[in-house]
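Given next are the chains, with one letter for each unit.
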Amino acid sequence: MKITVDEEKCCGAGQCVLIAPEVFDQRDEDGIVVLLDAAPPADRHEAVRESALVCPAAAIDVHEDA
Amino acid sequence: MSTPSDVLVVGAGAAGLAVVESLRRKGYDGRITLLGEEPGLPYDRPPLSKQVLAGTWEAERTHLRTRDVLDALDAEFAFGERAVALDAATRTVRTASGAELSAEALVLATGLSARRLPGLSEAAGVHVLRTLDDAARLRGELLEAEHVVVVGDGVLGAEIAATARLMGADVTLVGPQPAPMRQQLGPDIAQRLAALHTEHGVRLRPDTLVEAVETTGGRVSGVRAVGGDLLRADLVVSAVGGAPATDWLADSGLELADGVVCDARCRAADGIYAVGDVARFHHEGRRRPLRLENRTNATEQAMRVAANILGEDRPYQPVPYFWTDQFGVKIQVFGLPTPTAAVHLVEGDAEQGRFVVRYLDEEGHPIAVLGWNMPKQTRLHRQQILDQYVRPEPAAAR
Numbered sequence: 001m002k003i004t005v006d007e008e009k010c011c012g013a014g015q016c017v018l019i020a021p022e023v024f025d026q027r028d029e030d031g032i033v034v035l036l037d038a039a040p041p042a043d044r045h046e047a048v049r050e051s052a053l054v055c056p057a058a059a060i061d062v063h064e065d066a
Numbered sequence: 001m002s003t004p005s006d007v008l009v010v011g012a013g014a015a016g017l018a019v020v021e022s023l024r025r026k027g028y029d030g031r032i033t034l035l036g037e038e039p040g041l042p043y044d045r046p047p048l049s050k051q052v053l054a055g056t057w058e059a060e061r062t063h064l065r066t067r068d069v070l071d072a073l074d075a076e077f078a079f080g081e082r083a084v085a086l087d088a089a090t091r092t093v094r095t096a097s098g099a100e101l102s103a104e105a106l107v108l109a110t111g112l113s114a115r116r117l118p119g120l121s122e123a124a125g126v127h128v129l130r131t132l133d134d135a136a137r138l139r140g141e142l143l144e145a146e147h148v149v150v151v152g153d154g155v156l157g158a159e160i161a162a163t164a165r166l167m168g169a170d171v172t173l174v175g176p177q178p179a180p181m182r183q184q185l186g187p188d189i190a191q192r193l194a195a196l197h198t199e200h201g202v203r204l205r206p207d208t209l210v211e212a213v214e215t216t217g218g219r220v221s222g223v224r225a226v227g228g229d230l231l232r233a234d235l236v237v238s239a240v241g242g243a244p245a246t247d248w249l250a251d252s253g254l255e256l257a258d259g260v261v262c263d264a265r266c267r268a269a270d271g272i273y274a275v276g277d278v279a280r281f282h283h284e285g286r287r288r289p290l291r292l293e294n295r296t297n298a299t300e301q302a303m304r305v306a307a308n309i310l311g312e313d314r315p316y317q318p319v320p321y322f323w324t325d326q327f328g329v330k331i332q333v334f335g336l337p338t339p340t341a342a343v344h345l346v347e348g349d350a351e352q353g354r355f356v357v358r359y360l361d362e363e364g365h366p367i368a369v370l371g372w373n374m375p376k377q378t379r380l381h382r383q384q385i386l387d388q389y390v391r392p393e394p395a396a397a398r
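Heads up: the protein sequence lines correspond to chains A and B, in order. Residue 1 is where the first sequence starts when you use full-length UniProt numbering, and the numbers rise one by one after that. Residue 1 is where the second sequence starts when you use full-length UniProt numbering, and the numbers rise one by one after that.
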C-alpha cells in the first residue's frame, strides 16, 4: 500500500489523525495533514482505508497495489 | 438479522457514495445500485462556495472519486435519474423516467434542496448555490457583477460573501441575525466574524429581513428590506438555507418531520435507512433527535448505516463537526454551541487571531470547542465533547 495526500484539498479536520495517528498528523500552524508513513505496514491498512473514506475533503488517496 | 441480497441507495452525494464504499469495504458482495439526480460523477459540496466559486479549482477537482475508483466498486450507477416516489412497504422507488427499483435494503440520501425566499423572484441575476451547475452559473455572473447582495447569514451566505468580496465585487451580506453565523458560533464569535467581514470590506446588514427583489427589464436591480430600505444589486444570491429533500417521500408511509425520522440506528422503517443532511436520527448520547447538515456527518453516518445494514446494529452518536474558511481564517467547531453558552479561552490569543475556545452549558459542562486558525489544537480538545456522551461512539473513540 502507498498513500498520497493532497495538501491543497486538505481542510484540516484531523479525522485521519483520530483514526490512524501512526500514519497521519497535522501541522501545528495550520492543521494541514502530515503524512508520517507513506507505506504503512499491513496491520495499519484497515485504519488507513477508513481514514481515506472518512476524509471530508477526499484528500487521501490509497494505492492498494503499490 | 440476515444480510440483504441487494441494496439501493437513493442520492449520490457524499453520504450516498460513502454507503456504497463502506459496504464494499466491509466485504459485502451483493448487488448495489446508486441512484443520483445529477448526471455527472458524485462531487463534494464544501468547495462550491469557496474554491469553485473563486475559480481556483476546476469542476473536476470536486469529484469525490475518479471513474476508475467508482468502477472498481462494482455497483450499478444510475446517474441523471431522479427518484419521485417511494412505497415503503415494498421498498420500491419510482424514478422520473418511470423506472421502478426495489431492494431488500434501501438507503435514503437525498440531502437538501435550496430553500427560496417567497419574495425572491426567479428574475435574472438571482441565484442559489447548491449544485456544481449553480456554482458555475454564479461564478460566470459574479465576474461581471458590481453590486452583490447575499441574502442569508448562515455558513453558506457568509462563505459566498467572503468569496465574492475576494473576487472584487462590492458585497452586502443581509440576514436576520445580529451577526453572521450566530446560530452556529454563538454571539461572541459571530461578532468576531462580523468584524472580519467588515475589515475586508463586506457591508453587513444585520437584523434585516428581506421583503422582495426589485427588477428592471426582467433583471434584478435591488433587494427591498422589510421596513423599506432598497439595497442596490445587479446580482443576488439567496442563501437562506436548505430544506431536507423529502417531497418525493410525501406518500411513502415514512414519518417526515424536518427530515426522515429515524431511530438511533438511522433506521426509518424495516429495511429502510436514512443518511446525511436528510436524516433526523435519535442521538443517544445527547438524548434527543438531531439532523446535521455537515460534511463529516455524511461519511460517518454512512459508515454506521453500512455496518447496520450488515447486521452490526449499533447506534450512531457522532461528535458534530464543521469547518468554514473565510478570508483566510479557518474556523472549526466540534459539538454544537448554543447562543447562551459561556465561552472561555482555552488556548492561543484572540488578539493574535489564533485561539481555541470552549463553550460551557448552564451546568458548566463543555458542549463545544471552537478553533480560530488553530485546527490541530482544536481537534485535541474534541475528546471533552465526546466524554459528555454517556456511551462513546466506538469507531471514533479508538
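One or more of the hints may lead you astray.
[Unchecked claim] Straight-line Cα separation of at most 27 Å, DSSO-like style, residue types lysine-lysine; simulated pairs:
hint: 1; chain 1: B; residue 1: 330; chain 2: A; residue 2: 9
hint: 2; chain 1: B; residue 1: 330; chain 2: B; residue 2: 26
hint: 3; chain 1: A; residue 1: 9; chain 2: B; residue 2: 50
hint: 4; chain 1: A; residue 1: 2; chain 2: B; residue 2: 26
hint: 5; chain 1: B; residue 1: 376; chain 2: A; residue 2: 2
hint: 6; chain 1: B; residue 1: 376; chain 2: B; residue 2: 330
hint: 7; chain 1: B; residue 1: 330; chain 2: B; residue 2: 50
hint: 8; chain 1: B; residue 1: 376; chain 2: A; residue 2: 9
FYI, nobody ran anything at the bench for these hints, they're computed from the structure.
Verification of the supplied hints:
1. B:330 to A:9: With a Cα-Cα distance of about 14 Å, the restraint between residue 330 of chain B and residue 9 of chain A holds, given a limit of 27 Å.
2. B:330 to B:26: This hinted pair is violated, its Cα atoms lying about 34 Å apart.
3. A:9 to B:50: 12 Å, holds
4. A:2 to B:26: Holds, because 20 Å separates the two Cα atoms, which is no more than 27 Å.
5. B:376 to A:2: Given pair residue 376 of chain B, residue 2 of chain A holds - Cα atoms ~24 Å apart, limit 27 Å.
6. B:376 to B:330: 11 Å, holds
7. B:330 to B:50: Holds: residue 330 of chain B and residue 50 of chain B sit about 12 Å apart, inside 27 Å.
8. B:376 to A:9: The given pair, whose Cα atoms are some 16 Å apart, holds under the 27 Å limit.
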